[in-house]
Amino acid sequence: MLKDITIGQYFPGDSPIHRMDSRVKIVLNILFVVVLFIGRNFYALGLCAIFVMLVYALSGIRYSLILKSLRPILPLIIFTGLLNLFFIKSTLEDESPIFEWYFLKIYPEGAYTSVFMIVRIVSLIIGMSLLTYTTSPITLTDAIEALLSPLKKIKFPSHELAMMMTIALRYIPILIEETDRIMSAQKARGATLDSGGLHKRAKALIPIMIPLFVSAFKHANELAMAMECRCYTGGEGRTRLRQLKTSYVDYIAILVMLCIVGGVIAINVMT
Amino acid sequence: METKVIESKNLTYKYSVGTPFEVTAVNNISFTVEKGNFIGIIGHTGSGKSTLMQHLNGLLKQTSGEVWINGRDIRGKGVNIREVRFEVGLVFQYSEHQLFEETVFKDIAFGPRNMGLSDKQIEERVRRAAKFMGVHDSWLERSPFDLSGGQKRRVALAGVIAMEPQILILDEPAAGLDPRGRDKVLEFISDYHKKAGITVILVSHSMEDIVKYAGRVLVLNKGGIFCYEDTEKVFTRADEITEIGLGVPQITRLTERLRSMGVDLGNDVYTVERATERILALISKKAGDSCRE
Chain Z
1459 MLKDITIGQY
1469 FPGDSPIHRM
1479 DSRVKIVLNI
1489 LFVVVLFIGR
1499 NFYALGLCAI
1509 FVMLVYALSG
1519 IRYSLILKSL
1529 RPILPLIIFT
1539 GLLNLFFIKS
1549 TLEDESPIFE
1559 WYFLKIYPEG
1569 AYTSVFMIVR
1579 IVSLIIGMSL
1589 LTYTTSPITL
1599 TDAIEALLSP
1609 LKKIKFPSHE
1619 LAMMMTIALR
1629 YIPILIEETD
1639 RIMSAQKARG
1649 ATLDSGGLHK
1659 RAKALIPIMI
1669 PLFVSAFKHA
1679 NELAMAMECR
1689 CYTGGEGRTR
1699 LRQLKTSYVD
1709 YIAILVMLCI
1719 VGGVIAINVM
1729 T
Chain D
3 METKVIESKN
13 LTYKYSVGTP
23 FEVTAVNNIS
33 FTVEKGNFIG
43 IIGHTGSGKS
53 TLMQHLNGLL
63 KQTSGEVWIN
73 GRDIRGKGVN
83 IREVRFEVGL
93 VFQYSEHQLF
103 EETVFKDIAF
113 GPRNMGLSDK
123 QIEERVRRAA
133 KFMGVHDSWL
143 ERSPFDLSGG
153 QKRRVALAGV
163 IAMEPQILIL
173 DEPAAGLDPR
183 GRDKVLEFIS
193 DYHKKAGITV
203 ILVSHSMEDI
213 VKYAGRVLVL
223 NKGGIFCYED
233 TEKVFTRADE
243 ITEIGLGVPQ
253 ITRLTERLRS
263 MGVDLGNDVY
273 TVERATERIL
283 ALISKKAGDS
293 CRE
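Just so you know, the protein sequences line up as chains Z and D, in that order. Numbering-wise, the first sequence is residues 1459 to 1729 according to the working numbering. Numbering-wise, the second sequence is residues 3 to 295 according to the working numbering.
Heads up, a few of these hints could be off.
[What the hints assert, rightly or not] Using 30 Å as the maximum straight-line C-alpha spacing, the simulated DSSO-like pairs for lysine-lysine come out as follows:
{"#": "1", "chain 1": "Z", "residue 1": "1658", "chain 2": "Z", "residue 2": "1676"}
{"#": "2", "chain 1": "Z", "residue 1": "1526", "chain 2": "D", "residue 2": "16"}
{"#": "3", "chain 1": "Z", "residue 1": "1658", "chain 2": "D", "residue 2": "79"}
{"#": "4", "chain 1": "D", "residue 1": "63", "chain 2": "Z", "residue 2": "1658"}
{"#": "5", "chain 1": "Z", "residue 1": "1661", "chain 2": "D", "residue 2": "122"}
{"#": "6", "chain 1": "Z", "residue 1": "1658", "chain 2": "D", "residue 2": "16"}
{"#": "7", "chain 1": "Z", "residue 1": "1526", "chain 2": "D", "residue 2": "122"}
{"#": "8", "chain 1": "D", "residue 1": "186", "chain 2": "Z", "residue 2": "1661"}
{"#": "9", "chain 1": "D", "residue 1": "287", "chain 2": "Z", "residue 2": "1661"}
{"#": "10", "chain 1": "D", "residue 1": "186", "chain 2": "D", "residue 2": "108"}
None of these hints come from the bench; they were simulated from the model.
Turn these sequences into a full structure, and let the hints guide you.
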């Protein structure tokens, strides 16, 4: 069913990871990505992978969700893996391929890079999905607003951007539910949505898209009216209900992350 | 012997299985509906009414249990679920949201067209359904989006009735309408029930609407059946019904109050007509008593 779609789904909890300031979480996440790409060998990468797994354990999110978050990018992982596997040639002239079949040749370097890239991508996705799993979308946009607020100096509408994101996120479940209901209603009238050729299927979408657009516009209208009734004029002078606060958990997290950065750089230098 | 058209056996449905949000919406529900009945399903918000009715035409697939329509398991082998949907017409809450065609006529024709009928049959059915639901001929060539809320609702209802289902299930068909629109819609439905001789299930949380039209009431509470009885008998348990958060008709509340003050009109009063009858009877009896003194 449509409801099962997860778009950056949040799993409520009370772990130290959940309690972290979302601004810190975003910054550390970016740092983590950078570190992943700085790491030049398996030792560095292994450190990152172990680290992200430990954070996962700490967050109390079930491990089966890792697989779920990886499923959409599985094709990309396979593609990257295969490409690296077959197309990386040995830098040494006299080294022979470890596997040869017609034009397909696998060199040790290719196998190495292939596995390396896969581990890197998987760690990347796991790290990123951890952010959305443990942070509610609302605080996430608050954090984005806070992080973008220095740009206000050059007239960048960071508050408006965050507000739009908040509204969009807020309405995703509502529109999904609405789609679900309209689909059910049309199915009850005998509409077939999942059979026939491309043309027929596209046509079958009309009875769903039109009511959906009508209701989306209606929602937008009502929301705009409601916001205006409460004198919403934008970000100027607006205070907030949820203050983002850093606490000792964040300082520990920053410290740990710095250790990882230091560790990776050290490994890079030493090997 | 009356024939069973709907039979639900130990029906259970859970939302979001395997996530922290797992909820049992419908819990082990078994009931049967006989042909030609007018059943009211009533329950508090979140009692599983809407979920239950979406099982009756196979829109939702139960977690466990069975649904039998016209003597066959709708999830059984060789059963075309689309055909079941043509037998069981389902009208959703705020059904006017499903309108999408350019004209009212085309929208009502959507269902019959999906059934693969000929143009002539479609035209016939559209006109018949429109008439049943009080949709004027002059509206048929207009855009459904130009109509008022109550008119749109009637068009949407006609869209389902045009499929001429043997079982008609309506989820809050009168919700959000003004009192007159409400009465109109319900009258049209009740009329259609009598004339077409079909089975109707009316889902609502308004006791007044249910008692006025339904012969039998299924009361749901927290996903399970609280009771399933003739409308007559349901209100003998007025106290318990109030306890699970459902209102009883105003007139029933009034008679309860009268009883506590020493005037007993009986515990099966749920329409104003019956209350009038009882009160008159009581008065004439009292008058007779005082004459004899």
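Any hints from earlier that this structure breaks? Give me their numbers in increasing order, please. 6, 7, 8 and 9
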